[in-house]
Amino acid sequence: MPQDHNAPPLNPLPPVVWLLALPIIAMEVVLGLGARGLVGGAQAVGWRLDAVQRFAFSPDLMRAMWDTGQFPLDGLMRLVSYPLVHGSFTHALFTVVFLLALGKMVGEVFRPWAVLVVFFGAAAVGALVYTAVPQTHAPLFGAYPPVYGLIGAFTFLLWVNLA
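The sequence shown runs 53 to 215 under the numbering used here.
Please keep in mind that the hints were generated in silico from the structure rather than gathered at the bench.
Be aware that one or more of the hints could be misleading.
Per label pair, the in silico range of CB-to-CB distance [stated by the list, open to error]:
(1) 88 x 213: 42 to 50 Å
(2) 186 x 63: 41 to 49 Å
(3) 126 x 153: 31 to 39 Å
(4) 164 x 91: 27 to 35 Å
(5) 207 x 102: 32 to 40 Å
For every residue, glycine included, the Cβ atom is placed at its ideal position computed from N, Cα and C.
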C-alpha cells in the first residue's frame with residue numbers, strides 16, 4: 053500500500069471547529085496546570101471550582117431570573133459559557149474528541165455560521181430543558197449538550213444523504 057509522505061499528521065478540520073475546540077482545550081490546560089501546582093500558586097488548586105461557579109449554568113439562577121423578569125447579561129451568558137468548563141481532564145478529553153470528529157463531518161457541509169448556531173443553540177436549548185426538569189439544582193457544565201446538537205446535525209446530514 054503506497055504511503056503519501058506529504059499527508060498531514062491530522063485530518064484537516066474546518067476552522068470553525070478549531071474555533072470551538074481551542075477554548076475548551078485552553079481552559080483545560082490552564083485548570084490542569086493549576087491543579088498540579090505548576091501555575092498560579094496555592095490558590096490555583098481551586099480554579100476548577102471557581103470556573104464552575106463563574107461559567108456553569110445554574111437552573112436555580114435561571115428560575116430566579118424568570119420569576120423576577122430580570123435577565124442580567126451574566127446570567128444569560130451562562131447559557132453558552134458552560135461548555136467551556138469540565139469536571140475533569142477525562143471529561144474534557146471525550147467532549148473534545150467528539151467535537152472534533154462530529155464537527156469535521158458537520159463543518160464540511162454546513163457553513164461556519166451554521167455550525168456555530170448548532171453548537172450554541174444546542175447549548176442554550178439543553179440548558180433550558182435542564183432547567184425545566186423538576187428538582188434540578190446541580191450546575192450544568194461540559195460540552196456534551198452542544199456535542200449532542202452536532203450529533204443531531206450529523207444525523208440530519210445522513211437523513212438527506214449529504215454525509
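A quick look at each hint next to the structure:
In this structure the hint that residue 88 and residue 213 lie 42 to 50 Å apart at CB holds, the actual value being about 48 Å. With their beta carbons about 43 Å apart, residue 186 and residue 63 fall inside the hinted range of 41 to 49 Å. Taking 31 to 39 Å as the suggested C-beta distance range, the pair residue 126 and residue 153 conforms, at roughly 33 Å. Look at residue 164 against residue 91: about 33 Å separates their beta carbons, and that is inside 27 to 35 Å.
A hinted range of 32 to 40 Å holds for the C-beta pair residue 207 and residue 102, which are about 36 Å apart.
The structure fails none of the hints (numbered hints given earlier).
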